[in-house]
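Residue numbers (the numbering used here), protein chains in the order written: chain B, 1 to 309; chain G, 1001 to 1309; chain H, 2001 to 2309; chain P, 3001 to 3309; chain F, 4001 to 4309; chain V, 5001 to 5309.
There could be a bad hint or two in this list.
What the hints assert, rightly or not - As a list, the in silico SDA-like pairs of lysine to any residue whose alpha-carbon atoms are at most 20 Å apart:
| no. | chain 1 | residue 1 | chain 2 | residue 2 |
| --- | --- | --- | --- | --- |
| 1 | F | K4261 | V | H5170 |
| 2 | B | K57 | B | L21 |
| 3 | F | K4146 | B | L21 |
| 4 | G | K1104 | V | G5308 |
| 5 | P | K3247 | V | G5308 |
| 6 | G | K1258 | B | S168 |
| 7 | F | K4146 | G | E1188 |
| 8 | H | K2145 | F | M4245 |
Claimed, not checked - Listed below are several chain H residues computed to face chain F (Cβ distance under 7 Å; list not exhaustive):
| no. | residue |
| --- | --- |
| 9 | S2168 |
| 10 | P2291 |
| 11 | G2293 |
| 12 | H2297 |
Note that these hints are calculated values from the structure, not bench results. Positions of the beta carbon are idealized from the N, C-alpha and C atoms, including for glycine.
6 protein chains.
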Amino acid sequence: MGNVVDKTYRDIKSMRVRGALDIAIAASKTLKRVVNSDAKSTHQLIQGMTRAGKKLKSARPTAVSLPNAINYILHTADKNSHIEPEEFRRKLSGEIDKFIMEQKSALSRIAEIGANIIEDNDLILTHCNSDTVNMLIERAWDDGKKIKVVCTETRPRYQGHITAKELSTHGIPTTLIVDSAAHLAMKELKIDKVIVGADTIYASGDMVNKIGTSQIALCARELDIDFIVAAESIKFSPQSLMGSMVKIEERDPAEVIKSGKLPGVKVLNPAFDITNAEHIDIFITEFGVVPPGAVYHLLREKFGWELGI
Amino acid sequence: MGNVVDKTYRDIKSMRVRGALDIAIAASKTLKRVVNSDAKSTHQLIQGMTRAGKKLKSARPTAVSLPNAINYILHTADKNSHIEPEEFRRKLSGEIDKFIMEQKSALSRIAEIGANIIEDNDLILTHCNSDTVNMLIERAWDDGKKIKVVCTETRPRYQGHITAKELSTHGIPTTLIVDSAAHLAMKELKIDKVIVGADTIYASGDMVNKIGTSQIALCARELDIDFIVAAESIKFSPQSLMGSMVKIEERDPAEVIKSGKLPGVKVLNPAFDITNAEHIDIFITEFGVVPPGAVYHLLREKFGWELGI
Amino acid sequence: MGNVVDKTYRDIKSMRVRGALDIAIAASKTLKRVVNSDAKSTHQLIQGMTRAGKKLKSARPTAVSLPNAINYILHTADKNSHIEPEEFRRKLSGEIDKFIMEQKSALSRIAEIGANIIEDNDLILTHCNSDTVNMLIERAWDDGKKIKVVCTETRPRYQGHITAKELSTHGIPTTLIVDSAAHLAMKELKIDKVIVGADTIYASGDMVNKIGTSQIALCARELDIDFIVAAESIKFSPQSLMGSMVKIEERDPAEVIKSGKLPGVKVLNPAFDITNAEHIDIFITEFGVVPPGAVYHLLREKFGWELGI
Amino acid sequence: MGNVVDKTYRDIKSMRVRGALDIAIAASKTLKRVVNSDAKSTHQLIQGMTRAGKKLKSARPTAVSLPNAINYILHTADKNSHIEPEEFRRKLSGEIDKFIMEQKSALSRIAEIGANIIEDNDLILTHCNSDTVNMLIERAWDDGKKIKVVCTETRPRYQGHITAKELSTHGIPTTLIVDSAAHLAMKELKIDKVIVGADTIYASGDMVNKIGTSQIALCARELDIDFIVAAESIKFSPQSLMGSMVKIEERDPAEVIKSGKLPGVKVLNPAFDITNAEHIDIFITEFGVVPPGAVYHLLREKFGWELGI
Amino acid sequence: MGNVVDKTYRDIKSMRVRGALDIAIAASKTLKRVVNSDAKSTHQLIQGMTRAGKKLKSARPTAVSLPNAINYILHTADKNSHIEPEEFRRKLSGEIDKFIMEQKSALSRIAEIGANIIEDNDLILTHCNSDTVNMLIERAWDDGKKIKVVCTETRPRYQGHITAKELSTHGIPTTLIVDSAAHLAMKELKIDKVIVGADTIYASGDMVNKIGTSQIALCARELDIDFIVAAESIKFSPQSLMGSMVKIEERDPAEVIKSGKLPGVKVLNPAFDITNAEHIDIFITEFGVVPPGAVYHLLREKFGWELGI
Amino acid sequence: MGNVVDKTYRDIKSMRVRGALDIAIAASKTLKRVVNSDAKSTHQLIQGMTRAGKKLKSARPTAVSLPNAINYILHTADKNSHIEPEEFRRKLSGEIDKFIMEQKSALSRIAEIGANIIEDNDLILTHCNSDTVNMLIERAWDDGKKIKVVCTETRPRYQGHITAKELSTHGIPTTLIVDSAAHLAMKELKIDKVIVGADTIYASGDMVNKIGTSQIALCARELDIDFIVAAESIKFSPQSLMGSMVKIEERDPAEVIKSGKLPGVKVLNPAFDITNAEHIDIFITEFGVVPPGAVYHLLREKFGWELGI
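If we strip away everything but chain B, and leave its shape as in the complex, we get:
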């Protein structure tokens, strides 16, 4: 069993498996393998799952979908700890399959809602590269809406190029800008909607996303442009209910300038920033259109048991 867990652990750690959804699914499938191991008692099975879960969670501490998936499955295991091993295996396998299915259908539900919100002839600005956002933009296009998209290049790693390539290949007219041109583009091109993804969403309705998101949100507010976040509920942070915030990752200076190019100059290279709830109009989740003030109760519904509230 250890081998399976170790492999998933390494895949997540090395980012061979990446993306909130793929990470959650990989971890879930691994736990399903553990459930189906040949331990003699339900107690031993749960112990094995707990050990595996702990190991897996350590692979990428800042990816909130990882502990969310694992904790949910362990919680389900606990609720069934009184069942005989055979039935436990069947029950848990079923629950894990259902959980995986729900995560996958969340994406298509979000795409469906997003495509409803996008109107014909909309000009959309997005930042960085989000599978969720791309899927919903493509869905709107496939529904026959004549939309156009403006992508920021998203320094320092240029994820905006990936977005531009994907949307453009899909046939959607796509324009690329440098990050500094976001305000001008929003004002001069008369952007209709800003749609971005999220890394982590807090109980307060604030959210963590790629560096640069918060200043785009400020510009959208100034110009009264809808600022929309598309994200599955697996990105909600239960720990934020208890006031624990994600530590903003500081990344390698070499992403910004080649090492040694500007000796004596320090580089600050934060990966994410925080966009305030008051600058977000709506979240699109698999539970529909959610205003920031409603994230709290959704979080409690899904993950409140973790905290006893």
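Chains G, H, P, F and V: place on chain B using the hints.
Same frame as chain B, but now just chains G, H, P, F and V:
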């Protein structure tokens, strides 16, 4: 004479001579050469100056310091059109020398004022690369103020690297960030002041500067950080009194992505954006600390004669 | 049966029956008639109800209370599809009666809450004509509060005249203004509260109401005046959870100018506009005082089953 | 002489002569007639002018162009009180002619500047009916700019119909809306610029204009749309330097509803409201593009002598 | 029994017992005494509890924790009215003990969450004196966070001195300022977080707290400083669901100036003010981090039964 | 002569002479005494004046009226350095008398303008104690306006008591509040205007006044209440043109708490704070109603010669 004019024309056009001040001085010196040509009458001298001025102005239509310098000198010539050629040459040469001197002393006056405004331990954010801003930051440092500077890299041409290198070489602790990290840096590092240069300043108090400036100004307003523009009055636009605005230059897409890298993706690459007067706290000019509402009268004082007001 | 359904359909279409509450009740009573028809099986009864519901819903596609009432009753029918026809008739009739009763009591509950919120000597501004708003203002007056009301005339159809007449007839000192005088009246007369009705309320907390409402909300925010929306939950839009927004109705130009009066001039005559959640302080509903961020969960509680969430 | 003065007085009072410019010119021409009367001494001429001026000013106390014109001419008379009658007549007549000429050329200068500011394909919203605004929009159209205009109907007197008719007759695509649709039109149609006239402009940069202007300005700020006021300097209020504000005229209720139609309902019918300086981007005057903060010094330049500052 | 109730009544009225928690506990214990009286029937027991509750509630009508505790216990009694007296006593005693326990653990839960939110080196500003706030600040300090606190003196009763003394005695570096220095301190000292308590929290997310809180919240918004309210859910106002607001207490003028010191000068001495939901970032409650928009549903969860919603 | 200078120096230093106007007059009169000393040459007279001026300026470095008066008089002396001693004495004495007269008449001019701005039934809030503000409020009252005033107590030195006493003795209905009640009073009592004085006014339009002023300005902006500053131009800071700002004075902790009362608690007791230009509607000066953007040119008019601009 044509040779001298042509050479300056080519130098400005090819950007061998660049920077608002250097352009203004090059044009002024060229006109001084024209004044000292051997035409027989004052009338002919003025005709020669007018021709030369017209040619020079066409070298870089969007650099406001160029017509400002030339128009000022031609205006001075007109006022002295009744004088005999010999005295006209002497008078005009003196006036041009004085004009050049004033432009040079403007820079050091701005540096002096700026260094007064900067306080010990200030953390300053700047965008792009402005000689005026660098000079005043260095002056504050030389005055013994223990300041630190954060520079944006300023995509697509990375002029922030030049700024970082210059300030860092001067001994000032300097940090480089991507443009998208401006908001986070302002908030998390607790930036004290944003100081930027200007390309063109309008009668309304709005100003044109490197793409990205306007969204930094929005962030500064949100966080109640002083947003300061350092610029010589040679950058004031007399035409803005008559409602004529600078056309924002659209630059080569290849600055953003190598040609052919993202086929089908359009690139929008504006060089400048406009920062609203209401987001600017003060201009530092050679006429002291100027709030946006006071630019109008300074403009009329200096250039109102062009428009008969 | 068809006759009854057709008549209600025509009454709603021709606006002989109008107002969110009256429409909902008329449709509910019609479905009760269908339930009590002499079909032989529960299955046939439900088929009849479904057909009738579909027809009725088409009478006025933008009146959200109509599908809300019908869908709720059909949902109740579905839940009881296993019951024998006789009992099904009794059960459904009872449920429909209860539903109608709840809608009626919603109005008086809102009036009661609204009258609590209104304070003695309050000066209230309202826009257009809302039965709900009028009832709560009159309730406050009947409770002995010495209030005054300012009504906008509400071009182009002057519904403000109806409001003014009704309140004035009730004895309440009432002042009429043109729509353009709203900002001045709010500022100079020191309006205490703005209270308006709603046509449709979205999951996001945004709401649709008579054209002009959104700019009154902006003025209220500028002046820090409470902006209060009084509306029954039957006006919540379940479709907004899925991102579907009401299409703003464009009405007959002749409401604005007599046809032919201004040849060559186009008329734009939208019936409604959208007020952003951030400009709304509270909704008064039969579920109490509800901030915009809490509409989402109320909507899910009441109508989430429609969408499987 | 009294006949001439009386006739002008009656023309202005009865609004046969109306519009800031026409009133100023009528008063100026009347004073020119008084100057050319056959009084024996300069002293008597000035006395006659003073009497005539006082009478004329009482014809319409709130039209600021009236006292501005008269006071300017009387001030010029005072400065020339030492001159012999014959020369005084010649001098004053010349000065009055020059003053009239300046007022007329102010209009065309404003139109020229305004047409520079309007860009090709601009969608412009205006409120009420201003000759100055119409002239500048038509000038932009005649310059070949493909613009469109949205006019509010401007209740209660529907001056927007006059604007719509005039612009439409000029060939400009024109759309009419009710006043309440301003916010929706600005947002949904993506209005580029709001351009309105002014009745009176204060030293503070605040301005008085037709009721409804201030709420349009608020909407423009919310949406970051340029809010532009086109007005000749004859509308600047010297008394505002001393803190005296215009009394907002309360007009006949019958403009709003036919008398007796809504017994018991009071009507509030203010003619004007005040737009705050902070909601105005620029004034277009014959002295160029003027930000609100610069009105103070223009006022002192033109009228400061009235107040000894 | 009367004696016990009377004593608690007097203790609360005279403020010998004070603080939301202590009041709730005193009332709860008193009702437990009443439950354990020797009445013969459950009906009589409930009657006694109702009488006692009514008396106790009148002791301090504005302290919302008092009716909240009593109503909760009476509600629990009602639900058990069908039980025999002996078991009723046992059941109710247990429920009351549990209720008291929950109130106590709420405090420590809030402290735990608050300590998570406070970051190392934070500079915190607080106003007035709140046990909840003090406890969470001390918890953060005890967790090893090197924080500093700025306390306002909180005129007129100087409760800030109590806060300063307590925190300082705990070893936390504490600075005292006058209330008027709050804005300067927030800006110049770069306060990281404002944390205050609450007296009453409304369904709308607005909250009532010590006079001066609302202007500190405005300053925090201007400077984009987190404004955090720490309060147990016992301070939620169920009546606010029905639109009933707390009457702001007007206190003795002698708290402000000695009687007779300024004859002819009136004193206005309100004890509390209202901070708008839009100026509050989060509430910290025993149910975790709660944004203002989520208070409504928490209120309904806990106290909705009082209002039948 | 030294005696006279020393005495004035001591009077100013010890605050026996205080208030911007009284300080300026005392210094001016002292220089007049020096002018009339028996030096033999104009050169010697100017040397004496310069020495005296330097000494006097050191008496209270932060009182801007002191150097303003002295520098003005020394500047006048310099311009007349070519005149013979006798005439110099006469000329300078006259100029100084005129200067003193102007300062005195400035006050009454401001009172006159302020009384124009105050409207009948206005409710005015003021902070701290300003002779200029009191004079203009009393002038409005004497003009028959039925106004009322709310004074903050102005901790820590309670200067609001002086204001309350003076206005109340004048017969004006006056209410006293603690500083923390400013926001509530502005909102609940519906304050019409906030009027405060100033210590120093900057070229940027920002101004320095008693601690607490800046947060009152924020509240006024939030509630859209006019925020008016009444101040003579002698309070304009010429140094601010060069970027030099006043150092905010930190005063004795014993003003806040008795020494030793709260051992271990630090006290921060700043005397002043800075109100941003954007939160000020107008300045009332002897040059009329001045918006913040116009201070720059007034400053240059009056004091630009000091800086060579």
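Here is what the structure says about each hint:
A distance of roughly 17 Å separates the Cα atoms of F:K4261 and V:H5170; the hinted pair therefore holds under the 20 Å criterion. Between B:K57 and B:L21, the direct Cα distance comes to roughly 15 Å. Compliance with the 20 Å bound is thereby established for this hinted pair. A hinted pair counts as satisfied when its Cα atoms are at most 20 Å apart, and F:K4146 with B:L21 does not qualify at roughly 38 Å. Between the alpha carbons of G:K1104 and V:G5308 the distance comes to roughly 16 Å, so the proposed pair stays at or under 20 Å and holds.
With a CA separation close to 44 Å, the supplied pair P:K3247 and V:G5308 exceeds the 20 Å bound. This hinted pair checks out: G:K1258 and B:S168 have alpha carbons roughly 17 Å apart, not beyond 20 Å. Distance check on the hinted pair: F:K4146 and G:E1188 sit about 18 Å apart at the alpha-carbon level, within 20 Å; holds. Simply put, H:K2145 and F:M4245 have alpha-carbon atoms about 16 Å apart, close enough for the 20 Å limit, and the pair holds.
Taken as an interface hint, H:S2168 does not check out: its beta carbon lies about 25 Å from the nearest beta carbon of chain F, beyond 7 Å. A cut of 7 Å between beta carbons decides the hint on H:P2291: the least distance to chain F is about 5 Å, and the hint holds. The interface hint given for H:G2293 is met, as the beta carbon of that residue sits about 2 Å from the closest beta carbon of chain F, less than 7 Å. The restraint placing H:H2297 at the interface with chain F holds, with a minimum CB-CB distance near 6 Å, inside the 7 Å limit.
Figure legend: structure checked against the earlier numbered hints; hints not met, in rising order: 3, 5, 9.
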